[in-house]
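Make the full structure from the sequences, and use the hints.
Residue-level listing of the chains:
Number of protein chains: 2
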Amino acid sequence: MNKTNVAIVGLGTVGSGVAKLLLDHGDRTARHAGRTMWLKKAVVRDLNKPRDVELPDGVATDNLADVLDDPDITVVAQLIGGLEPARTIMLQLMEAGKDIVTANKALLAEHGPELFSKARELGRSIAFEAAVAGGIPIVANISQCLSANQITTLEGILNGTSNFIVSQMDRYGSAYDDVVRKAQELGYAEADPTMDVDGTDAAQKLAILAHLAFGATIHWSDIPRTGIDGLDPADLRYSSELGYRIKLVATAHQADDGLELSVAPTLVPLGTPLAEVRDAFNAIRVVGDAVGPVFYHGLGAGQMPTASAVVADLIDTAVGRTKITFQTLAYFTSDHPARTKQRDTDRLAGRYYLRLSVGNHPGALAKIADVLAQHEISISSVIQHENQPDQAGQQQTDPVPLVIMTHEAGEGAARRATEQIEGLSIVQGPVVRLRVKA
Amino acid sequence: MNKTNVAIVGLGTVGSGVAKLLLDHGDRTARHAGRTMWLKKAVVRDLNKPRDVELPDGVATDNLADVLDDPDITVVAQLIGGLEPARTIMLQLMEAGKDIVTANKALLAEHGPELFSKARELGRSIAFEAAVAGGIPIVANISQCLSANQITTLEGILNGTSNFIVSQMDRYGSAYDDVVRKAQELGYAEADPTMDVDGTDAAQKLAILAHLAFGATIHWSDIPRTGIDGLDPADLRYSSELGYRIKLVATAHQADDGLELSVAPTLVPLGTPLAEVRDAFNAIRVVGDAVGPVFYHGLGAGQMPTASAVVADLIDTAVGRTKITFQTLAYFTSDHPARTKQRDTDRLAGRYYLRLSVGNHPGALAKIADVLAQHEISISSVIQHENQPDQAGQQQTDPVPLVIMTHEAGEGAARRATEQIEGLSIVQGPVVRLRVKA
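Protein chains in written order, with the UniProt record's numbering: chain A, 1 to 438; chain B, 1 to 438.
Since the hints were made in silico from the structure, they are not lab data.
Some clues are possibly wrong.
Claimed, not checked - Straight-line alpha carbon distances no greater than 30 Å define the calculated DSBU-like cross-link-like pairs of lysine-lysine that follow: (1) B:Lys3 - A:Lys3; (2) B:Lys437 - A:Lys40; (3) B:Lys20 - A:Lys341; (4) A:Lys323 - A:Lys20; (5) A:Lys323 - B:Lys40; (6) A:Lys323 - B:Lys118; (7) A:Lys118 - B:Lys3; (8) A:Lys3 - B:Lys49; (9) B:Lys341 - A:Lys323; (10) B:Lys323 - A:Lys118; (11) B:Lys341 - A:Lys20; (12) A:Lys323 - B:Lys3.
Rendered as structure tokens:
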């Protein structure tokens with residue numbers, strides 16, 4: 001039987017999972033690859049650090065040259081996180097003739113065009129299924145399985161940490177900070193969860209998917225994004241009263257005049273698939289003009305789901321499928337102009353949820369409705385409850401929370417109306433404004 | 001740009017859809033294939049029959065030899081249904097050097113081993129994404145995307161017609177026959193819907209998926225199957241009262257001592273993804289030992305979803321990916337023994353829903369419970385309502401419907417207990433027995 005020699009660079013959580021699959025399930029991998037996938041080297045920073053995988057003698061090394069200089073190693077899983085030295089190592093590996101499999105989404109989001117150009121120049125390939133939505137094979141599905149379609153919409157829950165936090169806040173009515181602590185204890189959130197909760201991670205994944213699905217070349221930082229870090233349990237409660245659940249939704253929609261992209265906490269109708277995505281799961285809904293809607297749901301992160309994607313890519317690369325796909329689709333090529341451009345943000349259309357604190361003055365609602373009318377935004381529903389008695393049993397009258405759901409409006413109009421409402425003397429504090437999924 | 005000449009044999013609903021995608025979206029297909037996909041011939045039975053696609057001059061022919069004898073045509077979408085002449089034509093095409101893309105699931109379920117052996121012998125490939133679950137690319141997902149996994153469970157709603165009928169019965173409380181007529185009017189059921197509603201179609205699809213996922217070589221007719229054709233709206237009502245929805249579920253589960261396979265109306269817990277699959281949609285849940293659960297939902301049939309799968313396969317075949325996969329995975333090879341065998345049906349374990357008509361005799365429930373106990377089947381819940389008054393206002397007392405949910409039991413024990421209960425003098429008519437999903 002043929003043999004492909006594989007190396008892993010970076011033996012963290014995912015790297016250890018990849019090593020386990022290659023070492024413990026060689027027969028299975030061989031069956032699916034039609035060849036032995038032989039783990040020849042694993043490059044680590046510290047040889048003495050304890051790991052949850054036992055490597056055969058001679059596999060572990062702290063010297064990258066053991067991989068670079070070994071012509072028998074043709075495929076490398078590059079699993080170092082961050083931008084540097086990950087970028088430099090990936091370039092070195094490709095220059096040494098290795099095909100690359102990576103899970104490093106931040107690296108691709110930042111340096112994708114450079115790395116893909118270099119790969120093409122050198123006749124190498126980069127596979128990156130594991131970079132987006134871990135266990136959901138969305139890269140292969142868009143690039144190959146749905147290749148007969150013009151994709152019109154792609155929307156999903158792409159960040160498991162955020163979804164875990166929002167799910168917990170929703171289920172238990174807990175405050176954001178308390179749930180973040182719980183998520184950190186359970187390993188669902190990192191010590192510094194900023195990139196997950198502020199929408200950066202989801203925007204980086206969306207930028208990659210938008211390139212595959214729409215041929216758009218957009219830097220993640222140009223995608224308008226709001227995280228879940230400011231979310232108030234009150235908004236989860238009101239949403240549920242209105243028949244919605246709040247989720248951090250990443251959306252790409254091809255409109256006639258450009259591509260609408262956004263990452264934002266969004267009210268999703270209860271009972272629809274995205275609303276039912278719980279805890280650390282990810283989900284993606286793709287609409288193609290031929291296939292119609294296709295929905296994917298699976299674990300978006302974690303050691304073995306991500307390792308599953310890496311090993312599938314290692315097999316695809318070893319058998320030659322990756323090379324064909326990589327050459328055919330010409331990802332991030334500078335000679336192909338982007339097929340679609342991002343649409344002017346102000347023109348993104350959607351419905352909005354607004355929550356205000358309003359003083360108890362006659363005509364307050366009329367004043368607010370008037371501002372919305374000036375911006376041609378019409379109201380679809382309103383919630384205003386009597387205040388609960390305070391702990392001393394005193395009826396609270398001032399301020400009262402007022403929740404307004406609008407009909408469809410442009411993002412620009414909604415933003416300007418919100419700013420104007422915040423300037424009204426009867427309105428206290430900032431207005432909470434969230435998108436509502438149709 | 002390179003060009004691949006393609007032919008379609010059989011220009012029915014799906015064939016016309018494939019022609020539309022190739023003719024109307026040549027730029028898109030070229031982008032995804034890195035080459036022009038040129039529809040050179042479409043073989044039809046009757047050149048004068050009106051069709052919903054307009055073919056350029058010279059493309060339509062009623063002579064298969066125009067394809068067989070044209071060496072420039074290398075890839076053929078063989079879209080004739082049924083077993084013959086589909087089988088003979090496929091063999092002729094392969095002998096003439098063509099790679100095949102097909103949507104004919106019945107043909108593969110019946111003659112897969114012969115056709116795949118012939119393809120290998122001749123150095124040809126057969127792609128068949130469209131044969132199972134139309135718009136859900138489950139074949140590629142199992143064969144490639146999840147290749148790092150041992151799949152442990154695969155379960156799904158694989159027949160859109162049945163699901164449409166059950167969904168409608170459930171929503172409107174309608175009788176089976178009425179809904180079948182409606183489904184026929186709407187085009188969701190054929191004039192003779194037998195193969196769809198009796199579980200044959202789902203069993204054929206399951207046999208193909210079980211081969212891909214578990215290396216099992218099982219003839220579809222050996223899969224125990226029950227259709228939805230005998231379903232009583234009363235059982236949908238009681239199921240809902242118990243917190244379940246009835247779906248026609250196809251299941252393959254790898255147990256220690258073999259593969260459990262079945263197609264049967266099954267009580268699925270409300271709120272779980274399979275329970276929420278409506279109308280003509282299909283869904284498949286795959287559990288892999290590394291990736292965990294992955295859930296797919298999409299349109300299982302229809303012109304364009306199926307054409308989407310065919311065209312993706314045409315592209316994969318033209319660029320060379322299909323050949324690699326076909327050679328690597330060696331589907332249905334007689335020299336590889338099946339990796340797993342079907343488990344003895346009697347040992348399939350599961351929970352059961354039983355509905356009986358019981359005469360109003362003291363001790364009736366005790367007698368029934370006693371039979372279950374003899375077979376070591378324990379009861380998890382019971383529903384027995386008072387009868388409704390009849391139209392004349394008379395309280396009906398005899399017989400009373402009795403619904404029993406059991407804890408886990410073997411299929412053999414459940415069947416024998418059911419037969420014994422049917423023999424009790426207090427029980428009238430047959431006992432309805434349905435599986436319950438954990």
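Hints and how they fare:
Between the alpha carbons of B:Lys3 and A:Lys3 the distance comes to roughly 34 Å, so the proposed pair goes past 30 Å and is violated. The straight-line distance between the Cα atoms of B:Lys437 and A:Lys40 is roughly 44 Å, outside the 30 Å bound, and the hint therefore fails. With a C-alpha separation of about 27 Å, the suggested pairing of B:Lys20 with A:Lys341 holds against the 30 Å cut-off. A threshold of 30 Å between alpha carbons decides the hint, and for A:Lys323 with A:Lys20 the separation of about 25 Å falls inside it, so the pair holds.
Our distance criterion of 30 Å between C-alpha atoms is met by A:Lys323 and B:Lys40, whose separation comes to about 28 Å. About 28 Å separates the Cα atoms of A:Lys323 and B:Lys118, which keeps this hinted pair within 30 Å; it holds. For the suggested pair A:Lys118 and B:Lys3, the alpha carbons sit about 27 Å apart, so the restraint of at most 30 Å is met. A threshold of 30 Å between alpha carbons decides the hint, and for A:Lys3 with B:Lys49 the separation of about 54 Å lies outside it, so the pair is violated.
About 36 Å separates the Cα atoms of B:Lys341 and A:Lys323, which puts this hinted pair outside 30 Å; it is violated. Between the alpha carbons of B:Lys323 and A:Lys118 the distance comes to roughly 28 Å, so the proposed pair stays at or under 30 Å and holds. This hinted pair checks out: B:Lys341 and A:Lys20 have alpha carbons roughly 27 Å apart, not beyond 30 Å. For a cut-off of 30 Å, the pair hint linking A:Lys323 to B:Lys3 stands: about 19 Å separates their Cα positions.
Against the hints set out earlier in the document, violations occur for numbers 1, 2, 8 and 9.
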